[in-house]
Amino acid sequence: MTVEPTAAPAAEPVIERPAARTATAPGVVPPPSGLTQRGDTAPDTSGGVGESTQRPDGVLKVTGEFAYASDLWHRDMLWGHTLRSPHAHAEIRSLDVAEALAVPGVYAVLTHEDLPAATHYGLEFADQPVLAVDRVRYQGEAVALVAADHPETARRAAERVRVEYAPLPVVHDEASATAPDAPVLHPERDDHHAPFVPHPNVVHRQPVTSGDPEGAEALAEVVVRGEYTVGMQDQAFLGPESGLAVPAEDGGIDLYVATQWLHVDQRQLAPVLGLPPERVRLTLGGVGGAFGAREDLSMQAHACLLALRTGRPVKMVYNRQESFVGHVHRHPATLAYEHGATRDGQLVYVKGRIVLDGGAYASSSPAVVGNAASLGVGPYRVPHVAMEALALYTNNPPCGAMRGFGAVQACFAYETQMDRLAAALGMDPVELRQRNALAQGDLMPTGQPVDSPAPVAELLRRVRARPLPPEHPWEAVGAGGEPGVDPRELPGGLANSSQGEGIVRGVGYGVGIKNVGFSEGFDDYSTARVRLAAVAGEPVVTVHTAMAEVGQGGVTVHAQIARTELGVSQVSILPADTSVGSAGSTSASRQTYMTGGAVRNTCLAVRAELLRRGRERLGAAQPGWHEPGLRLRDGAVVTAGGARLASLVEVLGEDAIDLELEFRHRPTQPFDRETGQGFGHVQYSFCAHRAVVDVDVELGLVRVVELAAAQDVGRAINPRAVRGQIHGGSTQGLGLAVLEEILVGPDGTIRNPSFTDYLIPTILDVPPMPVDILELADEHAPYGLRGVGEAPTLSATPAIVAAIRQATGRALARVPVRPEHLTTGP
Amino acid sequence: MRLTLTVNGRPTSADHVWEGESLLYVLRERLGLPGSKNACEQGECGSCTVRLDGELVCACLVAAGQAEGAEVRTVEGMAGPDGELSPLQAAFVETGAVQCGFCTPGLLLAAEELLARAPHPGDADIREALAGNLCRCTGYENILDAVRLAASRAAQAPTDPNGGPDHDR
Numbered sequence: 001m002t003v004e005p006t007a008a009p010a011a012e013p014v015i016e017r018p019a020a021r022t023a024t025a026p027g028v029v030p031p032p033s034g035l036t037q038r039g040d041t042a043p044d045t046s047g048g049v050g051e052s053t054q055r056p057d058g059v060l061k062v063t064g065e066f067a068y069a070s071d072l073w074h075r076d077m078l079w080g081h082t083l084r085s086p087h088a089h090a091e092i093r094s095l096d097v098a099e100a101l102a103v104p105g106v107y108a109v110l111t112h113e114d115l116p117a118a119t120h121y122g123l124e125f126a127d128q129p130v131l132a133v134d135r136v137r138y139q140g141e142a143v144a145l146v147a148a149d150h151p152e153t154a155r156r157a158a159e160r161v162r163v164e165y166a167p168l169p170v171v172h173d174e175a176s177a178t179a180p181d182a183p184v185l186h187p188e189r190d191d192h193h194a195p196f197v198p199h200p201n202v203v204h205r206q207p208v209t210s211g212d213p214e215g216a217e218a219l220a221e222v223v224v225r226g227e228y229t230v231g232m233q234d235q236a237f238l239g240p241e242s243g244l245a246v247p248a249e250d251g252g253i254d255l256y257v258a259t260q261w262l263h264v265d266q267r268q269l270a271p272v273l274g275l276p277p278e279r280v281r282l283t284l285g286g287v288g289g290a291f292g293a294r295e296d297l298s299m300q301a302h303a304c305l306l307a308l309r310t311g312r313p314v315k316m317v318y319n320r321q322e323s324f325v326g327h328v329h330r331h332p333a334t335l336a337y338e339h340g341a342t343r344d345g346q347l348v349y350v351k352g353r354i355v356l357d358g359g360a361y362a363s364s365s366p367a368v369v370g371n372a373a374s375l376g377v378g379p380y381r382v383p384h385v386a387m388e389a390l391a392l393y394t395n396n397p398p399c400g401a402m403r404g405f406g407a408v409q410a411c412f413a414y415e416t417q418m419d420r421l422a423a424a425l426g427m428d429p430v431e432l433r434q435r436n437a438l439a440q441g442d443l444m445p446t447g448q449p450v451d452s453p454a455p456v457a458e459l460l461r462r463v464r465a466r467p468l469p470p471e472h473p474w475e476a477v478g479a480g481g482e483p484g485v486d487p488r489e490l491p492g493g494l495a496n497s498s499q500g501e502g503i504v505r506g507v508g509y510g511v512g513i514k515n516v517g518f519s520e521g522f523d524d525y526s527t528a529r530v531r532l533a534a535v536a537g538e539p540v541v542t543v544h545t546a547m548a549e550v551g552q553g554g555v556t557v558h559a560q561i562a563r564t565e566l567g568v569s570q571v572s573i574l575p576a577d578t579s580v581g582s583a584g585s586t587s588a589s590r591q592t593y594m595t596g597g598a599v600r601n602t603c604l605a606v607r608a609e610l611l612r613r614g615r616e617r618l619g620a621a622q623p624g625w626h627e628p629g630l631r632l633r634d635g636a637v638v639t640a641g642g643a644r645l646a647s648l649v650e651v652l653g654e655d656a657i658d659l660e661l662e663f664r665h666r667p668t669q670p671f672d673r674e675t676g677q678g679f680g681h682v683q684y685s686f687c688a689h690r691a692v693v694d695v696d697v698e699l700g701l702v703r704v705v706e707l708a709a710a711q712d713v714g715r716a717i718n719p720r721a722v723r724g725q726i727h728g729g730s731t732q733g734l735g736l737a738v739l740e741e742i743l744v745g746p747d748g749t750i751r752n753p754s755f756t757d758y759l760i761p762t763i764l765d766v767p768p769m770p771v772d773i774l775e776l777a778d779e780h781a782p783y784g785l786r787g788v789g790e791a792p793t794l795s796a797t798p799a800i801v802a803a804i805r806q807a808t809g810r811a812l813a814r815v816p817v818r819p820e821h822l823t824t825g826p
Numbered sequence: 001m002r003l004t005l006t007v008n009g010r011p012t013s014a015d016h017v018w019e020g021e022s023l024l025y026v027l028r029e030r031l032g033l034p035g036s037k038n039a040c041e042q043g044e045c046g047s048c049t050v051r052l053d054g055e056l057v058c059a060c061l062v063a064a065g066q067a068e069g070a071e072v073r074t075v076e077g078m079a080g081p082d083g084e085l086s087p088l089q090a091a092f093v094e095t096g097a098v099q100c101g102f103c104t105p106g107l108l109l110a111a112e113e114l115l116a117r118a119p120h121p122g123d124a125d126i127r128e129a130l131a132g133n134l135c136r137c138t139g140y141e142n143i144l145d146a147v148r149l150a151a152s153r154a155a156q157a158p159t160d161p162n163g164g165p166d167h168d169r
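Residue numbers (full-length UniProt numbering), protein chains in the order written: chain D, 1 to 826; chain S, 1 to 169.
No wet-lab data here; the hints were simulated from the structure.
Hints may be right or wrong, so weigh each one.
Stated by the list, open to error - From chain D, some residues computed to sit far from chain S (all C-beta separations above 12 Å):
| # | residue |
| --- | --- |
| 1 | Lys61 |
| 2 | Ala476 |
| 3 | Thr639 |
What the hints assert, rightly or not - If you want a taste of the chain D side facing chain S, the calculated C-beta under 7 Å gives, among others:
| # | residue |
| --- | --- |
| 4 | Thr63 |
| 5 | Gly64 |
| 6 | Gly551 |
| 7 | Arg612 |
| 8 | Asn752 |
| 9 | Ser754 |
| 10 | Val766 |
| 11 | Met769 |
If you're wondering where the values come from, they're calculated on a predicted model, not measured in any experiment.
Backbone N, C-alpha and C define an ideal beta-carbon position, used for all residues, glycine too.
Taking the hints into account, I'd like the entire structure generated from these sequences.
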């Protein structure tokens, strides 16, 4: 239960081997090991639910000792490299690896012909080749693998694999995908959506209709229509795709990897490796961010295949350029909306059509479609709705999960529509939103009742009530007291492109709705194993889950929950691996709800067992044991009145209590394929933003001055971590508003696969972000909590663009907004 | 080639270094110091920031041979000999400036360099100094808090010759 330093100290160089680091023993440099943490003021049980406790992995992370997946090392390891297609769509005529195999230092070169078992994999259905067979469908598709004794040797050898491609016509948008003569990208598809789609290049289509949308047109006095575009956003986690696959003596494999869901990786890997799942063992390596991009497999199968082939541990680490083709992105979207309202600002109907570009493989496109369709009108009460969302197969980069998951694209469009409707009505945009705001008891367009707090109007009120930041923040006082200018506070910054002239301020608002947890009838569960034992005279709780800690702070929350429920100070968090049941994905804002809920659930069972033992062993002598309302506090069992009955150590003796239990949220239902009706979502999450911007209207430069958020989190289990999630989500929304887009050419290739050309916000781009947290309990959820991570990513984008519109008077129907959109065109 | 350099005050060397390797690769893969991170390996993200003879550099852009005979400081050298965290390291943990933590080592090195030359930085100074270090998790708010906290503690420390609280903001 000690914290092992995970990076071994430097050692004597080893001859003839690139890596000279020694592990503590033959074998793997351990991934993040047991994280033991005391409550902040041991030995009492502070550090529980509701406190801003510190991360148990924080010290390791600031000292450089935390072992990320890319830091793992094995004394015998080889380096894996992937040869990828330069074409977005091509036939593979021939493949020759002989020259690559002959390179000194190369141990294996694999193509599809070397695959031992299943040849395809996928999150929702197995449509993606492990290695391309006779056709590549996107630029960057994996074609061959190399294992060598140095990463550069592997890279150079891969260049010597001879591949003859015959380029094919590229499908790149809805028109080219659904044209009568369009190449069908997956002619063999037999997935469960295939029989229902309007065209084989449509992955999935979901309508949602309620009321009488056609008849309602006559009731609307004001109608606004708009078409919107959302660019392809990248998750841009900093820790690259990486892992270490170690062949095991039982013929199986041990994989140490940065992922979001160990068990879904295991489920996909076992058939590909031709191994039973129990011989495909995964352990979480340190994860440098995820944001959806680690839901799908990247290097997992490839490293395992190379390791099994060579009998040597194989490490794979993508560089940034490869990362841009190594994971799925946020679906770019085109959205067409029509809003009808009465003259006093009551929404009558909303019609919308959302087309998502899913790229070459399905990934999680069907679920993204379900979200876009069911959340497509936003957090508003709309009596008549006709929504439709669909995802395409194209030869563009595959798209799947990214924070916000289908709700982000819709939010930019419906919030822009609300601003346009307000303008058409001559109404204040916040007032229009509040007049139509969803509230507890309302029905969603899917017919699902909103059965927990939905303080949409209140969140808007709060962000608007906040004082505005001062104008002209660049005005400074010089050394001699004369007026000066601090260019760092101006759009353009130190480029010194303005001294304050041509700068116009704008203010904008946005609010959004996101589902929490996996929807549409998915059996979404989490498992937690909790052990309570006396160690050296102290009660110690050990929590073991397979939850992927990707930075969000789940490990912090688990320790807090264990302290609160079991009244202990010292909690150990074991490494996440597949020796314990699935924790589900670190996605969909679900982990505090689900695996936090699982930890709580198991703790309650441990507590019940402890009290049962106490009654059995000590109850005869102490009548207090039979009182109702016994509590565990400060390492002891106490009565409701506070009388101490026994220490936990006395009750436990030598016998630990060790339980592993599954936890489920309430069941959901699939959406009806024609009407979209159904109890589809577990929980809804709401966030509102107010953005203040200064725009250099002559140069088209934007500086976001302040981005204020208000969010209902149900219960803030760790308020500091909650604020951190809201800050991070808001910042990614800012990125989509004004900076971030993967540019894909008409030939399907990515133009900007680097941080030089794909711009994520720097500390200079991000303004102060005041956060207002509401805690209105959801009675269905553990502690009343509401998933936090995604909602702030939705509304930040439309709020910022609304502010830019106010400053510039431009329509701005696409994101990200670029300088030329502010200086040319309408 | 054989590379000889001083890392965190300790003379060290690595054999069989290929000329194309970066200082980052040598630190991570040959010297057992993976604290400097490999987020972009093209000098854009700052996660591999180290001090090379005192100067902040992206270790991924420094050819290994350029570090011959140099003094290199990495995140592994920041804590005290008994493992006591430096004031900046402690502030990063306390303020929630660490989420996934991949940017943290580089930010710590850059912030340390800032506070060494400007003990009382204003917010605009902090932003300017850390503009080369990308963070994807935190939105930077708590990173600003951490640097402010470390600076204010240094100002209040009795041994600080400058003394006094921070009035520059």
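**Exclusion check [Ala476(D) not at the chain S interface, CB over 12 Å]** = With a cut-off of 12 Å, Ala476(D) comes too close to chain S, as the shortest Cβ separation is near 9 Å.
**Request:** Hold the hint about Gly64(D) up to the distance rule: shortest CB distance to chain S must be less than 7 Å.
**Result:** OK, holds: Gly64(D) within 7 Å of chain S, min 2 Å.
**Asked** Under the criterion of a CB-CB separation shorter than 7 Å, is Met769(D) in contact with chain S as hinted?
**Response** holds (6 Å)
**Prompt:** Close enough to count: is the Cβ of Gly551(D) nearer than 7 Å to one in chain S?
**Reply:** holds (3 Å)
**Hinted contact Asn752(D) with chain S - closest CB pair below 7 Å** = Violated - the Cβ of Asn752(D) stays beyond 7 Å from chain S, reaching only about 12 Å at its closest.
**Item:** Interface hint for Ser754(D), Cβ within 7 Å of any Cβ on chain S
**Value:** holds (6 Å)
**Message:** Minimum C-beta separation from Lys61(D) to chain S exceeding 12 Å: can you confirm that?
**Reply:** violated (3 Å)
**Prompt:** If you take the shortest Cβ to Cβ gap from Arg612(D) to chain S, is it below 7 Å?
**Reply:** violated (39 Å)
**Status of Thr639(D), Cβ more than 12 Å from any chain S Cβ** = Per Cβ check, Thr639(D) is outside 12 Å of chain S; nearest 37 Å; holds.
**Prompt:** Any CB of chain S closer than 7 Å to the CB of Thr63(D)?
**Reply:** Thr63(D) check passes; min Cβ-Cβ to chain S is 5 Å, inside 7 Å.
**Message:** Would the hint on Val766(D) be counted as holding, given a Cβ-Cβ threshold of 7 Å to chain S?
**Reply:** holds (5 Å)
Going down the numbered hints, you'll see the structure goes against 1, 2, 7, 8, while the others check out.
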